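What follows is each chain in one-letter form.
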Amino acid sequence: MFGKFKGVILALLAGTVATGIGALYSIGSADLPVQDRQPLRFSHRLHAGILNIHCQFCHRYATHSPVAGVPSVALCQTCHESLSEATPDMNMLQIYWNDKRPIPWIRLQRLPDHVYFTHEMHLFAGLSCVSCHGKVDRMSGTPRAPTYEMGWCLTCHEQQGASRDCWTCHK
Amino acid sequence: MSQDLQATKEYSTKAASSYKWEMVVDLDRCSGCEACVVACHAENNIRISGEKEASEGRAINWIRIERYWEGDYPDVKVKFLPVMCQHCDDAPCEPVCPVYASYHTPEGLNAQVYNRCIGVRYCGNNCPYVARQFNWFDPHWDEPLADQLNPDVSVRSGGVMEKCTFCVQRIRSGKEVAHKEGRRVRDGEITPACVQSCPTAALIFGDRNDPDSRVSHLTKSRRGFHLMESLGTHPAVTYLRRLSE
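Sequence lines, in order, name chains A and Y. Straight run, no breaks: the first sequence in the numbering used here ends on number 430. Straight run, no breaks: the second sequence in the numbering used here ends on number 268.
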């Protein structure tokens, strides 16, 4: 009896083990929404959308540096110190400010070490922030970018007539 | 090199791109101090190998100073020869790469794309200048040395071939500055780490397509020669003979 179903049982067992390992692996590598939870509930929709603050008011290195930059707590305070609302998140901001601590934002957009990318030259070429980052002014919680893969970059480079030499972006 | 070949080479590179990066090594000026070697290690995140690995031929240096003794003691002469990737226009390392990790850029650089390299080492085997080196191990820096790594250069992992890039990260940033100002890169504006650190200015780097660049003038010198010229690799590095042979 057992001998008859031996193959089936073994196959099932192997399948279960493979699924288990696969699930464990995907938990480690997947971009789960819980990983993207920021220490403060910052809303791009409110700041960039409703209040219409320019992206580069906060991300102020974008035009002259490879990185766009995350604003310092001091920059947040330039507006927030004159706002009297006391939501839990605004109180949190006050705590960071009083403690002289930076806000430990979770970085959402990250390129591999072998990629050279500069915001400076892309803005100089006339691209706008939404071309790559999407309509963040409509997102209350900013998600991880869908994909920053080579094919995606190259499609735009081809369309815009930009360099397609490997060493333009690989370092 | 015949005049025809020279003309064809110049025409093809000019048509492809507006820059052609070349280097000149003045052997009469080289004192063998190895400042270039140190600068190159610091700039390009080159792994530290140590004595044991070096004795096994696994040390990595993108530029090395070859030393030649001539004569017998006490009448002995020492001659130095800095050797780095020659960025050959007809590079023997390029056609043998099965995954196109080794290729020629439109600006005449012999490039290695690390994330594409699968480590078959055919390119290193084919390089007559032994300019390519293989990472037999993952790199390691004792703390706090890892904090001084150059963020503009990838850290190469084990199983990847690497070599001199003419400090492509500096070329890239120099070109960006020029592009934003709507002009060409000026002569001497871009200096690879070895060129910058050379105390006797034995190394000169520049754009060969600019007829007024120092490199363009010096490559026409009667002292000029290429390493292993007979192989027909057409290197982008020109050596200038010593005046006191």
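Everything labelled a hint here was simulated from the structure, so no lab data went into it. Just so it is clear, the structure is predicted and the values come from calculations on it, not from any experiment. Glycine included, every Cβ here is placed at the ideal spot set by N, Cα and C. The reader is advised that the hints may include incorrect statements.
[Said to hold, decoys possible] One side only, chain A facing chain Y, incomplete, derived with CB under 8 Å: (1) Glu340; (2) Ser343; (3) Cys425.
[As the list claims (entries may be wrong)] Derived Cβ-Cβ restraints for the label pairs, each shown as a range: (4) A:Trp364 with Y:Leu172: 20 to 28 Å; (5) Y:Asn173 with A:Arg360: 24 to 32 Å; (6) Y:Asp165 with A:Ser343: 51 to 59 Å; (7) Y:Val153 with A:Ser422: 29 to 37 Å.
To see whether the hints hold, each was checked on the structure:
no.: 1; hint: Glu340; in the structure: violated, 34 Å
no.: 2; hint: Ser343; in the structure: violated, 42 Å
no.: 3; hint: Cys425; in the structure: holds, 5 Å
no.: 4; hint: A:Trp364 with Y:Leu172: 20 to 28 Å; in the structure: holds, 23 Å
no.: 5; hint: Y:Asn173 with A:Arg360: 24 to 32 Å; in the structure: holds, 29 Å
no.: 6; hint: Y:Asp165 with A:Ser343: 51 to 59 Å; in the structure: holds, 52 Å
no.: 7; hint: Y:Val153 with A:Ser422: 29 to 37 Å; in the structure: holds, 31 Å
Consistency with the previously given hints fails for numbers 1 and 2, ordered from lowest to highest.
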